[in-house]
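Number of protein chains: 2
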Amino acid sequence: MEYYSKQISDLIAELSKLPGIGEKSAQRLAFHILHMNKDDVHALSNALVNARDNVRYCKECFTLTDTDLCPICSNPKRNHKQIMVVEDSRDMAAYEKTQKYEGVYHVLQGAISPMQGIGPNDIRLKELMKRLEGDVDEVIIATNSSLEGETTAMYISRLIKPTGIKCTRIASGVPVGGDLEYIDEVTLLRALEGRTQI
Amino acid sequence: MEYYSKQISDLIAELSKLPGIGEKSAQRLAFHILHMNKDDVHALSNALVNARDNVRYCKECFTLTDTDLCPICSNPKRNHKQIMVVEDSRDMAAYEKTQKYEGVYHVLQGAISPMQGIGPNDIRLKELMKRLEGDVDEVIIATNSSLEGETTAMYISRLIKPTGIKCTRIASGVPVGGDLEYIDEVTLLRALEGRTQI
Chain B
1 MEYYSKQISD
11 LIAELSKLPG
21 IGEKSAQRLA
31 FHILHMNKDD
41 VHALSNALVN
51 ARDNVRYCKE
61 CFTLTDTDLC
71 PICSNPKRNH
81 KQIMVVEDSR
91 DMAAYEKTQK
101 YEGVYHVLQG
111 AISPMQGIGP
121 NDIRLKELMK
131 RLEGDVDEVI
141 IATNSSLEGE
151 TTAMYISRLI
161 KPTGIKCTRI
171 ASGVPVGGDL
181 EYIDEVTLLR
191 ALEGRTQI
Chain Z
1 MEYYSKQISD
11 LIAELSKLPG
21 IGEKSAQRLA
31 FHILHMNKDD
41 VHALSNALVN
51 ARDNVRYCKE
61 CFTLTDTDLC
71 PICSNPKRNH
81 KQIMVVEDSR
91 DMAAYEKTQK
101 YEGVYHVLQG
111 AISPMQGIGP
121 NDIRLKELMK
131 RLEGDVDEVI
141 IATNSSLEGE
151 TTAMYISRLI
161 KPTGIKCTRI
171 ASGVPVGGDL
181 EYIDEVTLLR
191 ALEGRTQI
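If you read the sequences in order, they're chains B and Z. Numbered by this note's numbering, the letters in the first sequence go through residues 1 to 198 in order. Numbered by this note's numbering, the letters in the second sequence go through residues 1 to 198 in order.
Excised from the complex, chain B in its bound form:
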């Protein structure tokens, strides 16, 4: 890219390393950044470095955070006896947006995937079992509804069974607003199996 001067080419090259950002998008972003207020560019640059340099796993739930305990684990108003198990921090954020769940989380940082060589020891399962030695009423398994997520859910439920702690799985079925005509057969069967009395 010798038609741009070095620092502009460098910026485009760095931006195009990000996921989902091709060369054209990187170019568009770079020129937007070059026209931004200097202070705003410094704020973005600092946000990048601060977040990356200080990020760590919450010592309780293993979500990504910049403090020893994440805001949820350190909140005394949450129900620490109810643990929802999710695959990653974004899944946790998705449930937080509902503003209805009052328990805490456990972030596995992955799911069991024999295809990708990820076994039970590669995700935060030991840490979950350790938490269950404390005072826990219920474990809600909210891994994704994918092959890996289902495998992980099954594996965890078998691990928990001997402890006697209540273990539940979030429902699988027709999404709200969904049109039966366009929904796949597996989901339709799940919805039928999971029917509840009205």
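Rather than coming from a laboratory, the hints here were simulated on the basis of the structure. Possibly wrong hints are sitting among the right ones.
The list makes no distinction among identical chains, and a pair is therefore deemed to hold if it is satisfied within one copy or across any two copies.
[Unchecked claim] Straight-line C-alpha distance at most 25 Å; calculated DSS-like pairs for lysine-lysine:
#, residue 1, residue 2
1, LYS97, LYS6
2, LYS24, LYS97
3, LYS6, LYS77
4, LYS17, LYS97
5, LYS100, LYS166
6, LYS130, LYS77
7, LYS100, LYS6
8, LYS6, LYS38
9, LYS130, LYS161
10, LYS81, LYS38
11, LYS59, LYS38
12, LYS17, LYS38
13, LYS59, LYS6
14, LYS100, LYS24
15, LYS17, LYS59
16, LYS130, LYS24
17, LYS166, LYS130
18, LYS59, LYS166
Chain B is fixed; fit chain Z onto it per the hints.
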């Protein structure tokens, strides 16, 4: 976003200010960045700040660059008597990618647009006329084929006429690989008007 710790929320907020990046994409990018190598994040952060802090207009052609003269204007192998007028630096890059044009550029940094209140004095036209006082053989007008681009091309051609310098406009017509059936009427008429003998 109290479900993410402060620095992670800040990073997501800063990223979502960029064009074309909504909250979900910002979240995805942020988590990608948190999993990146620290050195790579520092490189990205430095690229942002270096490019923005050092960016300026080339004193010859007014493209964005980080040196006084851009790599093209400072290249003695280019034909400095042939000037291609474009709207912005990305248009210049588009022609540079063809690797066939050997002249230099003049970047207007915009186009005349009465609708948006951009007049001839708001773009780098005076600077172009100043360059034409030197030794110039040809001015190639390569503004976009939009209403604003055409208006600007017309305006420039009228300004240049009295100087006696050869002034050309890039051809407008059917794009290579284009299927006549799907091309708009205006383009078809332009292609007809601009027909050349074979």
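Hint check:
no.	hint	in the structure
1	LYS97 x LYS6	between (43 Å within a copy, 16 Å between copies)
2	LYS24 x LYS97	between (33 Å within a copy, 13 Å between copies)
3	LYS6 x LYS77	between (53 Å within a copy, 19 Å between copies)
4	LYS17 x LYS97	between (30 Å within a copy, 20 Å between copies)
5	LYS100 x LYS166	within (20 Å within a copy, 71 Å between copies)
6	LYS130 x LYS77	within (22 Å within a copy, 70 Å between copies)
7	LYS100 x LYS6	between (51 Å within a copy, 22 Å between copies)
8	LYS6 x LYS38	both (19 Å within a copy, 23 Å between copies)
9	LYS130 x LYS161	within (15 Å within a copy, 83 Å between copies)
10	LYS81 x LYS38	neither (48 Å within a copy, 36 Å between copies)
11	LYS59 x LYS38	between (37 Å within a copy, 21 Å between copies)
12	LYS17 x LYS38	both (23 Å within a copy, 14 Å between copies)
13	LYS59 x LYS6	between (43 Å within a copy, 17 Å between copies)
14	LYS100 x LYS24	between (41 Å within a copy, 21 Å between copies)
15	LYS17 x LYS59	neither (31 Å within a copy, 31 Å between copies)
16	LYS130 x LYS24	neither (48 Å within a copy, 33 Å between copies)
17	LYS166 x LYS130	within (16 Å within a copy, 81 Å between copies)
18	LYS59 x LYS166	within (24 Å within a copy, 72 Å between copies)
Hint violations for this structure: numbers 10, 15, 16, all remaining hints satisfied.
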